[in-house]
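Asks: Turn these sequences into a full structure, and let the hints steer you where they fit.
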Amino acid sequence: MSDVVEKTLTALPSLLSLDSHPGSAKLSSTSKLGNLIRGITELTSKHEEEKLIQHELLAIKEQVSSPNTTMRQMKELMVRSIYCEMLGYEASFSYIHAIKLAQQGTVLEKRVGYLAVSLFLNESHELLLLLVNTVLKDLQSTNLIEVCMALTVVSQMFPKDMIPAILPLVEEKLNHPKEIIRRKAVLALYKFYLIAPNQVQHIHNKFRKALCDKDPGVMTASLHIYLQMIQENPEAYKDLTPSFVTILKQVVGGKLPMDFNYHTVPAPWLQIQLLRILSLLGKNDQSTSEVMYEVLDESLQRAEMNHNITYAILYECVKCIYTIHPKSDLLEKAAKCIGNFVLSPKINLKYLGLKALTYVVQQDPKLALQHQMTIIECLDHPDLIIKRETLELLFRITNGQNVTVIVEKMLEFLCISEDDHTTIDLVGKVAELAEKYAPDNEWFIETMNTVFSLGGDMMQPDIPNSFLKLLSEGFDSVEEDRKLRLFAVNSYIPLLRGEPGKLPQRFLQVISWVLGEYSHLREDLEPAEVLSLLAKLLDMKNSSSETKSWVLMAMTKLCKGGADASVTQEVSETYSSSLDTVLRQRAHELQYLSQDPELRARVLPRGAKPETLEVDSSLSFLDRFVSEALAAGAAPYKPPHQRQEELDQSKALSLEPYGLSLPISMSSCSITDRQSPTLLSMSSGLSGDSADLSHKGGSSALKLDGIKRVWGREGYLAQREPVEEAAQVEVPSPIQSPGRQGEGDSLHSQTPTQTPTPEPEQEKQQLASSLFVGLASQSSVSLMGKSEPMPQRFRRKAKGQGLGSSFIANEQISSSLISPPSAVDNLLCNNLLDSNNASELAEQTSQLSQSLTTANGTCHAEAELTESDTKGCNPALRRDNCVVAAGPGPHNDPGRLTEVCLDSYLPAELSGLSHSEIAPLCANQSLNLSACHVQKEDSLILVVFIMNSSESAIQQMLLQVDSEELEVSCLCDSPAGEVTSHSVAVGQYSLTVTRPAVHVEVVGTVSYQLPAGTSQSLQFSYKVPLTSFIRPFVVSTEEYGTMWLSFSHDTKQNLTLINDNQEPLTATLNALKKKLQLHVVEVIGMEGIVACRLLQDLPCLMHCRVNAGWLAVWLRSPVPDLPDCLIYHCQRALQSL
Amino acid sequence: LLFSRQGKLRLQKWFTPLTDREKKKVIRDMMMLVLARPPRSCNFLQWRDLKIVYKRYASLYFCAGLEDKDNELLALEVLHRYVELLDKYFGNVCELDIIFNFEKAYFILDEFLMGGEILETSKLAVGVSMEEADTLQETMEEYMSKPAY
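Residue numbers (UniProt numbering), protein chains in the order written: chain R, 1 to 1137; chain V, 1 to 149.
There could be a bad hint or two in this list.
[As the list claims (entries may be wrong)] With a straight-line Cα cutoff of 35 angstroms, these simulated DSBU-like cross-link-like pairs (lysine-lysine) come out: (1) K429/R <-> K24/V; (2) K387/R <-> K23/V; (3) K160/R <-> K1073/R; (4) K24/V <-> K249/R; (5) K160/R <-> K25/V; (6) K160/R <-> K1074/R; (7) K23/V <-> K255/R; (8) K936/R <-> K1073/R; (9) K283/R <-> K346/R; (10) K25/V <-> K409/R; (11) K409/R <-> K336/R; (12) K100/R <-> K23/V; (13) K214/R <-> K249/R; (14) K51/R <-> K24/V; (15) K429/R <-> K25/V; (16) K61/R <-> K24/V; (17) K483/R <-> K409/R; (18) K25/V <-> K319/R; (19) K88/V <-> K387/R; (20) K100/R <-> K25/V; (21) K61/R <-> K51/R; (22) K255/R <-> K209/R; (23) K160/R <-> K23/V; (24) K55/V <-> K936/R; (25) K209/R <-> K88/V; (26) K88/V <-> K327/R; (27) K88/V <-> K178/R; (28) K23/V <-> K319/R; (29) K1052/R <-> K88/V; (30) K88/V <-> K249/R; (31) K346/R <-> K88/V; (32) K55/V <-> K137/R; (33) K255/R <-> K283/R; (34) K429/R <-> K23/V; (35) K214/R <-> K238/R; (36) K214/R <-> K25/V; (37) K936/R <-> K1023/R; (38) K55/V <-> K336/R.
What the hints contain is simulated information worked out from the structure, not anything from laboratory work.
Replies: As structure tokens, then:
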């Protein structure tokens, strides 16, 4: 025990005897800590300990909050609560007191206070803000220790946005005469650099000064910063290489003071730091590397003592040598070093040697050969960690010849490993190796089987996916493929006959897929037997629903009618009432397909090979269809990116007259109605994929080029290609894109268990063609039954806005807009009008409604469908409802030409409000587009004016508006349909911000048809400054206070003050209020608090303080980018004054 | 990340922000891993994506979590250095010293490591700064007791 502590302890009794009152309190609390600790050590059960601590905490709490507790006692209390916290008990009540202690206490108490703060709080804790002032004060203190403490706590944790406040002070400390302060200041800056690199940019030259500091400690500290900076950008610091080399030389040469020696090694930490920097600098750079050869050689030689620390240096040296531009004799020495490591009897060194070897073999595999025997020994080492490292090493040197052995070793290790993390890692590696180097089929399948059963459900999902991909794509020869698959089937059957309950879910999924696809390859195997095996899987208690749906899918592929029917019938009946919608869907598929062998044969032909899916990239087979569609008035093909935009926008307004899309639907109906719901849902899967593709914007064309991506995000993607064809051709009419988009979105929200079904060419063709005709909308209906969350949203929204009006589903992808109800209607009325199919319609509708209700399990669905059904029966009425020709106001005046005052077209209810200038957006020979935004109290309305400047009427006009940052919802009446010559149509959209940006942009497309029958479209974009969305936010000061604490995103900045004789703060705030519509909550002295909200209700709070001629503004909001955007606009507003 | 224990936690210090729950989980895992290690095995462990370096001093285990690029042996020496420092400060350090003066152990650690990086490798310097603080402490004690006379 140190004498200091002893002194302290001996001082206590004397203190007690002399001054009983305050002293006794202190002593009792000191001994209380002792008592507490002793008490805890003596306790036997966890429960007792808990009770004791709770009791203790209560006592602390009471004392802490009592006003007459002195700082001294507080210190003791803090220590106790730190102790309790360390044992894992919550002592959050003491946090605030810890800060208080750091604020008010004397040096000693401060220290405990700071310690408590640094242990209790983390970087994002809100109470830290309270600490900032204390730190500031202490940094300015003349007391060395106080400064030290402040710097320590700063480097430990400091709120990012408060850095500017103390940065100058810390910078100042770089010139402090005491080296300890300089050192700490450098490290504090290092910390700042880590959390906010751009804020310390201006002091980079000061770092250089620190590097040249006469005190080695400061220099060492500055190396941390350099290491970090060089890691990010090695080029910028090449010029410092000679300096680093010189420093290292001096260190190695023992030029540093003795007290930096550690076990007679001069400043090892410093050396290692330097070596790391050098290796970063010398990487792939011969000239820089040359500078350091000499010193590296020297360190290698010097570091030949028998101590851990020298080994550490050696290890670092070796790594460095192998990283930089190679030099042969250094490499030789390094290799010798590694040899020593690996051969060392010390286990730590062995470990390190293996690590070094792993690192090195990537450059020089021969080195591993020298140590073959050692490596083999290591493999049998009792320590798992060593084994693991060895395997890692082996993994690196695997090739075609040794793969079997290595994988065998790895699997062995897998069997005994218990750690999840290791297992996942290793399973991935084995799978990778097996795929890369597999010598033959049997081995591959066997290995993968082991991997699946060992890896279980923890493994990455891409492993089974790529395995199945491999199986289905096959190798070069057909015979090989057949063998491989047959072998797979052969190996799975006994597994299933055995105890499938023990196999992991993932493996079962793989098995069922393979059996479904390839079990027919084995002639002696009765499908019925496979079916019953699969059915057994279904009955297992621990099968997950995902697995079950895989199994069901496999059964769908297998069932042949006849004898199998009973099994399938039973299964499909069981699961068609399942609560899981996916399962139910599959069960229905199974049911229909098993009853209709002809259909089944078409949908799921036996032995379809994926490689037959040669994609006709010119899509010639679709030419006829395209020309038909074009003749029927479809828009010509547009590249995906363009279409993407349109897709996004088309939903805004789907008040398209249904009659116009009729021809296309008719042509499609013939296909449509032949198909069963299963097919429909498949095509919906397709369209989902296609929507998915188009989300990726333009990537579809790329993917098409011979890449076989069989497995993807959505599951099996054999259908992808036809989809792409579909996507390539064209959306015949904008109206169906809503449906497609909708499915895309709903599919994303679905679990990725798509049918793994390879489709034959003709089937694909069919699907493709069925996809992009009116079918898309139909499948959106079946989708409603498919994904549970979607229909609910659909229904809710549809009810809110009425069927037929469009609505928004703001998906994360591109805030795409969907309007399934209108799509449904569309379909229904199309069908109605198509007299040929009238009878089929009824059947179909009932089918749909059936699947809808069964799938949803709610009676709402049926009601919903009937509703849409009845509406669909009256298409004329529907059209009246949803098609509003042209905008309000008298505008059929043909005499009015381009100079019309569009003002007058502003809808009546908006005309009284302030609106922005009406800005022209775009124009062509027939259309003029302009827009403005109108500021309403609680919303921002975007008004788009579409003026027909041609002599003829424009038909089938569709306006789509969308934005990445905004939620765009269409207000009541939107322009659609026909715009007669020289008239103006007006569209209104209410905008709300979802992602703040300085300027938000709305993009839109108008597509229309000239009477001549040609379709055209116009694109436009419209920028709205964020300020237009700002509204005052009336809160009380108390509310403000609570909100302030709860908001997490903030930013700070100094703004200029307005000086016009008045009180500058008030003047500035008033100016801001006027310009930006902020609400000034309260002004207290030199501080003011302001609040505003962004439509609809994204609040942002602003705290302003006058500080040295500047207005220090601090903004907080729950929305990420809002404070930054707002500060920008504040700056702009003040500049413009 | 640095903490030491012997079945029971004695000291913990976190250099990366973590939530309390994560901390508890990490502590539990580490204890299980480290305490299960047989004697005379390697001092390094792999845990998730961290490398654990631990060393046993008498009844205390000192553990540190490292990132992948860090040097294990070096960390081992850091631990050793810390123990040396404690030793120097407390005279012949024992577990009880750390238990009862854990705040001092924290202070030493603070002087030694700052923000997870080595601050002061020179034993002397740490010692000096500790002594400075302690003399201050003593004078404070004296100062506080003076009014009593």
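Asks: For each hint, tell me whether it holds in the structure or not.
Replies: Evaluation of the provided hints:
As the CA atoms of K429/R and K24/V are separated by approximately 31 angstroms, the hinted pair is consistent with the 35 angstroms bound. At most 35 angstroms may separate the alpha-carbon atoms for a hinted pair to count; K387/R and K23/V meet this at roughly 29 angstroms. Pair hint K160/R plus K1073/R holds up; C-alpha atoms about 28 angstroms apart against a cutoff of 35 angstroms. In summary, the hint linking K24/V to K249/R is not supported, as the alpha carbons are separated by about 45 angstroms, beyond the 35 angstroms threshold.
At most 35 angstroms may separate the alpha-carbon atoms for a hinted pair to count; K160/R and K25/V meet this at roughly 27 angstroms. Using a Cα cut-off of 35 angstroms, the hinted pair K160/R and K1074/R holds, with the two alpha carbons roughly 31 angstroms apart. Restraint check for K23/V and K255/R: not satisfied, since their Cα atoms lie roughly 43 angstroms apart, outside the 35 angstroms limit. Under the criterion of a C-alpha separation no larger than 35 angstroms, the hint pairing K936/R with K1073/R is consistent with the structure, at around 17 angstroms.
Simply put, K283/R and K346/R have alpha-carbon atoms about 31 angstroms apart, close enough for the 35 angstroms limit, and the pair holds. As the CA atoms of K25/V and K409/R are separated by approximately 32 angstroms, the hinted pair is consistent with the 35 angstroms bound. For the hint pairing K409/R with K336/R, the CA-to-CA distance comes to about 27 angstroms; that is within 35 angstroms, so the pair holds. Restraint check for K100/R and K23/V: the C-alpha separation of about 26 angstroms stays at or below 35 angstroms, so the hint holds.
Annotation: proposed proximity of K214/R to K249/R holds, straight-line Cα distance about 16 angstroms (limit 35 angstroms). Of the supplied pair hints, the one linking K51/R and K24/V holds, its CA atoms being roughly 19 angstroms apart against a limit of 35 angstroms. Only pairs whose Cα atoms come within 35 angstroms are accepted, and K429/R paired with K25/V is accepted, the gap being roughly 27 angstroms. For the hint pairing K61/R with K24/V, the CA-to-CA distance comes to about 23 angstroms; that is within 35 angstroms, so the pair holds.
Note on K483/R and K409/R: the hinted pairing holds, with a Cα-Cα distance of about 27 angstroms set against a maximum of 35 angstroms. Only pairs whose Cα atoms come within 35 angstroms are accepted, and K25/V paired with K319/R is accepted, the gap being roughly 34 angstroms. Only pairs whose Cα atoms come within 35 angstroms are accepted, and K88/V paired with K387/R is rejected, the gap being roughly 38 angstroms. For the hint pairing K100/R with K25/V, the CA-to-CA distance comes to about 31 angstroms; that is within 35 angstroms, so the pair holds.
Restraint check for K61/R and K51/R: the C-alpha separation of about 15 angstroms stays at or below 35 angstroms, so the hint holds. A distance of roughly 20 angstroms separates the Cα atoms of K255/R and K209/R; the hinted pair therefore holds under the 35 angstroms criterion. Of the supplied pair hints, the one linking K160/R and K23/V holds, its CA atoms being roughly 22 angstroms apart against a limit of 35 angstroms. For the proposed pair K55/V and K936/R, the alpha carbon gap of about 68 angstroms is over 35 angstroms, so the pair is violated.
A threshold of 35 angstroms between alpha carbons decides the hint, and for K209/R with K88/V the separation of about 33 angstroms falls inside it, so the pair holds. Among the hinted pairs, K88/V with K327/R is inconsistent with the structure: their alpha-carbon atoms are about 44 angstroms apart, more than 35 angstroms. Pair hint K88/V plus K178/R holds up; C-alpha atoms about 24 angstroms apart against a cutoff of 35 angstroms. A threshold of 35 angstroms between alpha carbons decides the hint, and for K23/V with K319/R the separation of about 33 angstroms falls inside it, so the pair holds.
Only pairs whose Cα atoms come within 35 angstroms are accepted, and K1052/R paired with K88/V is rejected, the gap being roughly 46 angstroms. Pair hint K88/V plus K249/R holds up; C-alpha atoms about 31 angstroms apart against a cutoff of 35 angstroms. At roughly 28 angstroms between alpha-carbon atoms, K346/R and K88/V fall within 35 angstroms of each other, so this suggested pair holds. Proximity of K55/V to K137/R is assessed by CA-CA distance (about 40 angstroms); at most 35 angstroms being required, the pair is judged violated.
Only pairs whose Cα atoms come within 35 angstroms are accepted, and K255/R paired with K283/R is accepted, the gap being roughly 28 angstroms. Restraint check for K429/R and K23/V: satisfied, since their Cα atoms lie roughly 30 angstroms apart, inside the 35 angstroms limit. For the suggested pair K214/R and K238/R, the alpha carbons sit about 22 angstroms apart, so the restraint of at most 35 angstroms is met. Distance restraint check for K214/R and K25/V: the Cα-Cα separation of roughly 45 angstroms exceeds the 35 angstroms cut-off, and the hinted pair is therefore not satisfied.
As the CA atoms of K936/R and K1023/R are separated by approximately 18 angstroms, the hinted pair is consistent with the 35 angstroms bound. For the hint linking K55/V to K336/R, the alpha-carbon distance of about 28 angstroms falls within 35 angstroms, and the restraint holds.
Figure legend: structure checked against the earlier numbered hints; hints not met, in rising order: 4, 7, 19, 24, 26, 29, 32 and 36.
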